[in-house]
Amino acid sequence: MKITLTVNGERHRLDVEPRRTLADALREDLGLTGTHLGCEHGVCGACTVVVDGEPVRACLMFAVQADDAAVATVEGLAGGADGDGTLHPLQEAFSRCHGLQCGACTPGMLMTAAHLLDTEPDPDRATIRAEMSGNICRCTGYTGIVDAVADAAARRARGLRARETS
Amino acid sequence: MKCPPFDYHRATGVDDAVAALGAAGDEGKILAGGQSLVPVLALRLARPAVLVDVNRIPGLAGLEVRDGVLHAGALVRHLALAGQGLHPLAAEAARWIGHTAIRSRGTLAGSLAHADPAAELPAVLRACDGAVQVAGPSGTRRVRADDLFLGALQSALDDTEMITGVELPVPDAWGFAELARRHGDFAVVSVAAARFGDRVRIVVGGVAGVPHLVDAGDLATVDGELSADRVAILAAAAADDVDPATDLHGSAGYRRALTEQMTLRALADLAGQPRPVREPA
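Quick mapping for you: the protein sequence lines, in order, are chains A and B. Using the working numbering, read the first sequence as starting at 2 and increasing by one per residue. Using the working numbering, read the second sequence as starting at 147 and increasing by one per residue.
So here's chain B without its partners, still in its complex pose (with noise of 0.2 Å):
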């Protein structure tokens, strides 16, 4: 359980690190927070010949608002994303991550960059309409979600680029829920929900390669309060949406009723209601 030999470049900046990971071709990974390299690295799934760790590189953990949108840089740590009252969904996605001395450490973009599809950032990004900041070496570009996930572990992201910034719209309401078997454990599923004005995003993690944005049609569209009857309409449709798969932590037909449960739960947050109690059957 120990991590093959790499060289190791500590970038002293943005452009430092995009050089090193350049001259690293196809050799060199970025270490951020190493939540999930470094097991990645443990357990020789991967062999990077060129560590560059961004951890150093000063100005990249800022958390702003500006219009109406949260401009946060790649090295936020999600202890303080969790902290954070400028963007209530992603505070409580947050916590949801691993365990203090996981969030102490893992960043949002590594999260995002990761692009594990059972994560809770990269589904919050997704709900939010949020997009990422990207350097390279023909220069920045600016990648939004909907492009962003490419498949489980894949990202649009090429191997000589870095994610400096994330802006995450801020809801004018929301709701999060997730099932996971033990404390601080991915989701089997879980749920992020967002309305900007009339419209309500919802997507479901942890039932496809990527977060799953659900396609509700005109169901999302809501004019006023969001009642207890289109939170259930809503629910129902998001279940019929989703094509899990089944696996060792859930049958296909298990995830898709847990999509409807989660947000069953995540909307009623949204919409202020109390959550459904369901009865054991």
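With the rest of the complex left out, here is chain A (with noise of 0.2 Å):
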């Protein structure tokens, strides 16, 4: 079946199998093998993209019921203003609080603080603790994970704040 998908900001037209998940036609059918597949059954939360403005299990969608839809991958959260790779907040965060051991859960603990950071301006821990529980780390690495999420909104709330009074 011919479908639409915007990854990214990138139109890219597909033909897939009905039962091709948005994950696996992102991963197999256009390389961005950024978003990563751990139990393939809606469990672990590695798949997790954005389509259309709200987090989604990438491997409970078919790609063709994200057909016309806008999905934002990890590859798109590096970039800054020109393009330059400069890396996300969040990606900064992680590397800095230690929220990165194997990086299997990586992408979708990315995907997952993005959307809360876009949706809460100012989440406390417990929101943040909340919000990330439907993402497992097999490290076991919750604790950094916790505190880049943390540290990236304190940032940014902080940044915010000498905006609006400059």
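Simulated from the structure, these hints should not be mistaken for laboratory data. Ideal placement from N, C-alpha and C gives every residue a C-beta, glycine not left out. Careful: at least some of the hints might be erroneous.
Some chain B residues close to chain A (C-beta under 10 Å, calculated; not the full set) [unchecked claim]:
#, residue
1, T158
2, Q181
3, L197
4, D199
5, G231
6, L325
7, R327
8, G330
9, V423
10, R424
Quick list of simulated restraints, FRET-style, between CB atoms [as the list claims (entries may be wrong)]:
#, chain 1, residue 1, chain 2, residue 2, range
11, A, E11, B, A207, 51 to 57 Å
12, B, R290, A, E55, 29 to 35 Å
13, B, L232, A, R130, 25 to 31 Å
14, A, L161, B, D162, 46 to 52 Å
15, B, R193, A, L88, 41 to 47 Å
16, B, G208, A, S96, 41 to 47 Å
17, B, A391, A, G54, 39 to 45 Å
18, A, R14, B, R345, 55 to 61 Å
With the hints as a guide, bring both chains together as one complex.
In structure tokens, the structure reads:
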């Protein structure tokens, strides 16, 4: 079935089997292997991407269902204003706070956190923990991950306030 | 962990969906949010020949209260249900479903049709004495919650029928309590309680093949305030009324004890009392 996917702002035309999940279409057909697959049945959260502004499990959505949708994946996070590959503030924070271990869960963690920061201006730690609870880290490095999201949120909140008062 | 092959039909309307299901005989399956169906396919527990995708049918995502009843479209997502203020019990229950990335896709009608006895929304539908509107080859019909759930993952819907709307009467007072082992998991035990006039309906999830409506007899009739004593009596009655099984997640006795505790909490919320604090033994 022929579909059109817009991924990180770029339009792609694909011909996929109906059973092709969005995750496999991204990885196998578009070569965007940043989106990881863990359990492939909706439990681990590694494949989380943002579709039309909302986080989804890319292993629980068929690519044909994302026809004409806008998909954001981890590959779209870095970039900076002039596309120079500058890390997203969340990526910086994961590095700074030791939120990175083996990396299997990282893309899903980042996309879940990115959506959280887009929708909650100043989340407290309980909110961050609840929101990140749908993503499993096989290294069990949750403390660093929650620290990273809290750090990115706090820095952004300070930045926003600095801009508001300047 | 890849799904078996299937033919895909993107339905343009309810009639089109029902026709496609009819053409598939008993080999068709509705694809709504897919949060339960796709894992079932990935694990190859089912191999439907045709998936009828209802996600793009227009007009099925409405939320509106008429005459004290929330009329919700079949495609209302859990996130939308959690975020609405028209039916606070349904909103609270929806917040307990999975995680944001699950709630963004999962649908109200999908959860009801899936009929998982530990799921939140079937318990809420029954606590509110709600009903679903169903479209099928021979027209439309209305199925009350008490008749909808037949057993674990079994509903009264035919393979060629589809839920189009959900009626959820808005209770005068309500409470909801749940215990799950991990955040976002299905409940070990959940309790939805709703008061309509002088009647309190208590439904327990996770203790039977269907959401269990507690038969508390005259105790469920409340004249005026629900006292703390009556809350305790009703919670004990609920624990007496359930007959849970033992499985990996808890023994029958544990589930019975949880039924009492969750009922205490839900009814305390319903009555506007502080939740009782249970001292460690």
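Structure-based check of each hint:
1. T158: Result: violated, 14 Å to nearest chain A Cβ.
2. Q181: Q181(B) check passes; min Cβ-Cβ to chain A is 6 Å, inside 10 Å.
3. L197: holds, 7 Å
4. D199: holds, 6 Å
5. G231: violated, 18 Å
6. L325: violated, 15 Å
7. R327: violated, 12 Å
8. G330: holds, 6 Å
9. V423: Violated, about 20 Å.
10. R424: Nearest chain A Cβ about 22 Å off; hint violated.
11. E11(A) with A207(B): 51 to 57 Å: Between E11(A) and A207(B), where Cβ atoms are some 29 Å apart, the hint is violated.
12. R290(B) with E55(A): 29 to 35 Å: holds, 33 Å
13. L232(B) with R130(A): 25 to 31 Å: holds, 29 Å
14. L161(A) with D162(B): 46 to 52 Å: For L161(A) and D162(B) the Cβ distance comes to about 48 Å; the hint holds.
15. R193(B) with L88(A): 41 to 47 Å: Taking Cβ atoms as reference, R193(B) and L88(A) lie about 44 Å apart, which means the hint holds.
16. G208(B) with S96(A): 41 to 47 Å: Holds: the Cβ-Cβ distance is about 45 Å, inside 41 to 47 Å.
17. A391(B) with G54(A): 39 to 45 Å: The hinted range 39 to 45 Å holds for A391(B) and G54(A), with Cβ atoms some 42 Å apart.
18. R14(A) with R345(B): 55 to 61 Å: Given a distance of about 58 Å, which is inside 55 to 61 Å, the answer is holds.
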